[in-house]
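Start from the sequences, fold in the hints, and give me the full structure.
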Amino acid sequence: MLRIKCPICGLRDETEFTYGADAIVRRPDMDETNPQDWLNYVFYRDDPKGPHKEYWHHVQGCRQWLVLERNTLSHEIGACRLAREVPK
Amino acid sequence: MIEIRSPLSSSVEPGEYGAQSAAKAALQLSERAPGSLIQIAGWQDFATVTAPALGALGFDGHGNFRTVQTAGPVSCYRIAPDKLLLRHSDGGSFKELLENLNPASSPTLDLSHARWLIEIEGSEVEALLARLASLDFSLQEFPEGTFAQTGIHHVGVLLHRVSADKFLIFVPVTWAESIWNLICETAAPFGFKVIVHP
Ligand SMILES: [Zn+2]
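So the sequences go chain by chain: A and B. With the working numbering applied, the first sequence corresponds to residues 1 to 88, in that order. With the working numbering applied, the second sequence corresponds to residues 89 to 286, in that order.
These are calculated hints, taken from the structure and not from any lab test. The structure displayed is predicted, hence computed values, not measured ones. All the given hints hold, so there is nothing to weed out.
Once the Cα atoms are required to be at most 30 Å apart in a straight line, the calculated BS3-like pairs of lysine-lysine come out as:
{"no.": "1", "chain 1": "B", "residue 1": "281", "chain 2": "B", "residue 2": "254"}
{"no.": "2", "chain 1": "A", "residue 1": "49", "chain 2": "A", "residue 2": "88"}
{"no.": "3", "chain 1": "B", "residue 1": "171", "chain 2": "A", "residue 2": "88"}
{"no.": "4", "chain 1": "B", "residue 1": "254", "chain 2": "A", "residue 2": "5"}
{"no.": "5", "chain 1": "B", "residue 1": "171", "chain 2": "A", "residue 2": "5"}
{"no.": "6", "chain 1": "B", "residue 1": "171", "chain 2": "B", "residue 2": "254"}
{"no.": "7", "chain 1": "A", "residue 1": "53", "chain 2": "B", "residue 2": "171"}
{"no.": "8", "chain 1": "A", "residue 1": "53", "chain 2": "A", "residue 2": "88"}
In structure tokens, the structure reads:
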């Protein structure tokens, strides 16, 4: 069982959360004209082995979007912050 | 205003159920209408723009994400950084509150018809809840006058510890019957009594 420390609700079981998306991806500037950049942004994701940052939603709690550090190899959970407080 | 009807009207039958070895049922289950329930939401300036309205109700700020603030018949739950849930237990109006809020910066949502309350009381209340949600329900970790939002049967609920042996559970009306049935099933090994409030 993964346990995630929500900054609002405290330490909770993973079953209260839903995975959202890769939190590493950054949208290209709106005036970007290279189609490859947009293709990468919309469709391609890295599949890192080890530490990663992900968006999770505390859907059965405070309903906030979170940025969670998770190790894809060991499932170790690191820092968890409100997405709104993470610099873009 | 449309009359609020219980979503449990066909499920709640007063009586004693489950294990009956104990002289007194270890748990008492009942239901309650929430009274008036309103949610206030906002953006980054939430605290500033809602402070006067909350002050008029008798609240000093938003409090924290664990403690239930009360002012007379009104309870205030800080359910998210920019969201509050207010309950007027006797169904009183939030007219004054609404007059003090700017709908352009502090939108409100009347949830009086959207939630129902299930009340659980008794010596085995912690043991029962531990079988329903994965939280620590000991008095030390979940003291009197605190609340938590969690899932029961994958349904989002809010639990409020009213006293050492009594919890209020806010459930979505559409799931109230499923949750009630699950609670009754889970309470059977302890023995429980269903009571109807006058
Ligand atoms: Zn949370």
